[in-house]
Amino acid sequence: MSEKTFRQALNEALLQEMKKDENVIVIGEDVAGGAGANGEQDAWGGPMGITKGLMPEFGRERVIDTPISESAIIGTAAGAALTGLRPVAELMFVDFFGVCFDQIFNQAAKFRYMFGGKAVTPLTIRTMYGGGLRAASQHSQCLYPIFTHIPGLKVVIPSNPYDAKGLLVQSIRDDDPVIFFENKTLYDDLGEVPDDLYTVPFGEANFTREGKDVTLISMGKTVQLCNQVADELKKEKISCTVLDLRTLSPLDEDSILEAAEETGRVVIVDESNPRCNIATDISALICDKAFSSLKAPIKMVTPPHTPVPFSPTLEDMYLPNETKVKNAIQVTLDN
Amino acid sequence: MQLNREELLKAYTGMCLIRNFEDRVHDEFAAGELPGFVHLYAGEEASAMGICMNLNDQDSIASTHRGHGHCIAKGCDVTAMMKELFGRKEGICGGKGGSMHIADLSKGMLGANGIVGGGPPLVCGAALSAKTKKTGNVSVCFLGDGASNQGTTAESINIASVLKLPAIFVVEDNGFAEATSSSYSVGGDIVKRGEAYGLHAEKVDGTDFFAIYQAAKEAVERARKGKGPTLLHIKINRIYAHYEGDALTYRLPEETEEIKKNRDPIKIFKKRVIESGLLESNQLNAIEEKTRKEVDQAVKDSKEADFPTEKDLLTDVYVKF
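Quick mapping for you: the protein sequence lines, in order, are chains A and B.
Heads up: the first sequence runs through residues 1080 to 1414, numbered per our numbering.
Heads up: the second sequence runs through residues 6 to 326, numbered per our numbering.
Derived by calculation from the structure, the hints in this document are not laboratory data.
Please note: incorrect hints may appear among the correct ones.
[Stated by the list, open to error] For each label pair, taking beta carbons as the anchor points, the in silico distance ranges come out as: (1) A:PRO1353 with B:PRO40: 51 to 57 angstroms; (2) A:PRO1135 with B:ASP62: 54 to 60 angstroms; (3) B:LEU318 with A:ASP1395: 27 to 33 angstroms; (4) A:THR1278 with B:ASP62: 44 to 50 angstroms; (5) B:PRO40 with A:ASP1395: 53 to 59 angstroms; (6) B:ASP194 with A:ASP1395: 30 to 36 angstroms; (7) A:PRO1135 with B:LEU318: 36 to 42 angstroms; (8) B:ASP62 with A:GLY1128: 55 to 61 angstroms; (9) A:GLU1332 with B:LEU318: 45 to 51 angstroms.
[Stated by the list, open to error] Below are the DSS-like pairs computed for lysine-lysine, each with C-alpha atoms no more than 27 angstroms apart in a straight line: (10) B:LYS316 with A:LYS1368; (11) A:LYS1197 with B:LYS138; (12) B:LYS230 with A:LYS1197; (13) A:LYS1368 with B:LYS325; (14) A:LYS1099 with B:LYS316; (15) B:LYS222 with A:LYS1131; (16) A:LYS1099 with B:LYS325; (17) A:LYS1197 with B:LYS295; (18) A:LYS1131 with B:LYS139.
Just so you know, even glycine gets a beta-carbon here, dropped at the ideal spot from N, CA and C.
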């Protein structure tokens, strides 16, 4: 066990799984970088350096730089998964899914059902999401609700380095198509990560704080935010439960209901746009199955129904933050 | 042409089986017996058979919404296919796929596809599997003139060229994308599009089984030897409309009659093998009859087969969830 960054945790998961299973390949734009040029041959290792070092270790046959052709990348990975490989494709920013969504939701996600259970599609698509880097409307979105909506897909959203490695290993080994969401502001976060291979199972949410007054439900980056708020409110004698969903599909309904029933006051913090997002989905679930245990209306902390703005001033207003979460908690407590 | 007698009989049997299957589906649909959307391949049989007779079960194909012919040519079970069209539990996809999603991975049939241009990226993936695992297998994508205009096709042809994939793109240009003529919708030239991306590309007469077989043979050899992808532009004819129920008003009735009379690949094949003394007419007539009976039996079995149950609705979404 040693302290590693989120980035190192992901890199280690890929490296170790590729060593273990020769059917695992990595494919995407600049996953090595430098193909066909005269400079460094592993120049980028992915736009954020997640796949750095894989090409020198495994060669270009297994770490495949592609043209900027998202449909071809994702479709090639889907077809390869259907015929015996275990590809990890990189869709650089989830915002780019608009140019390849057919291959994800009409093809990979549906093979198994359409073909009457005969197909196995062990495809992992890694992608970056989230605001905070002033990357504006086409490089900052969350969009995980759209994938969660699709039967046949699994949606994974780690919040810390330990889960990042364990969930990525599980994603690669999983026999269904998985969309793996990495928050672009978490890559340098440090955490304890075992050196050996391990998995974190899907559909098992993690209680990161245990409290009795309010339940905060979070995913990916908002887990950290909720933990911070919980730690601060402790000084004010308000104790919060924080639930890290870890995977949005499958969804750990039991833990959500348990967490809601324990306190009767629920705040859901979701960085995706407010209509038909994870917060509304979970809110509906709790209302449907644990309504009588609620002591106050469920509050949702989300961005407004706007694209992600560029100006730092505007983006800061757009994103969930401590003040917004605290205000929501206060409203539930006042009820 | 080096085809032996047995191979010629196989080609004719396959083409007749496809034709009888499609003719019967046409009738069953008209009689209100079949649910959903069906798109018939009649008139294009030489392409499916000419290509697939060069492939084995380990080679893969991706198909289109007009996929019955490709499925039969690749070896899918005709009765299981027919049961699928009738929505029965014993259908080739358990009644969950229907006409546009027939697949049999054990035969290398990666699926008909309801999305125009859905197949080309997937074929690149199957070809990548073959290349990575060094199996020597090839992967063929059937697509239409409509799909030739999709971005996925352009992306796939480029990535196949860049990665030197053992892939073959077979553009079956039947003259119409739905109701719009390919002479209107295809800018430039399909062969030149392939060449522009560095593929070996050629135009082939879709009524001539032998020409298709030969072009496919060369393309498959090229792919197996690691010499990169090929594009074949097959000029072909659709006897029926885009989908069953389409009144075919965009084509003149005499054009359809002319296709049936002069451009039917099965009639052309039959005439050629008889005239050249390769096969005899009574043999061919017997094949026509035998395949018709096979389809009759498939329809009978399908109508007697059970429908899926409520339990089946929820299975096969995930391997594990």
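Here is how each hint holds up against the structure:
| no. | hint | result |
| --- | --- | --- |
| 1 | A:PRO1353 with B:PRO40: 51 to 57 angstroms | violated, 39 angstroms |
| 2 | A:PRO1135 with B:ASP62: 54 to 60 angstroms | violated, 37 angstroms |
| 3 | B:LEU318 with A:ASP1395: 27 to 33 angstroms | violated, 47 angstroms |
| 4 | A:THR1278 with B:ASP62: 44 to 50 angstroms | violated, 34 angstroms |
| 5 | B:PRO40 with A:ASP1395: 53 to 59 angstroms | holds, 54 angstroms |
| 6 | B:ASP194 with A:ASP1395: 30 to 36 angstroms | violated, 54 angstroms |
| 7 | A:PRO1135 with B:LEU318: 36 to 42 angstroms | violated, 49 angstroms |
| 8 | B:ASP62 with A:GLY1128: 55 to 61 angstroms | violated, 42 angstroms |
| 9 | A:GLU1332 with B:LEU318: 45 to 51 angstroms | violated, 20 angstroms |
| 10 | B:LYS316 with A:LYS1368 | holds, 24 angstroms |
| 11 | A:LYS1197 with B:LYS138 | holds, 22 angstroms |
| 12 | B:LYS230 with A:LYS1197 | violated, 30 angstroms |
| 13 | A:LYS1368 with B:LYS325 | holds, 24 angstroms |
| 14 | A:LYS1099 with B:LYS316 | violated, 38 angstroms |
| 15 | B:LYS222 with A:LYS1131 | violated, 42 angstroms |
| 16 | A:LYS1099 with B:LYS325 | holds, 22 angstroms |
| 17 | A:LYS1197 with B:LYS295 | violated, 31 angstroms |
| 18 | A:LYS1131 with B:LYS139 | holds, 26 angstroms |
Against the hints set out earlier in the document, violations occur for numbers 1, 2, 3, 4, 6, 7, 8, 9, 12, 14, 15, 17.
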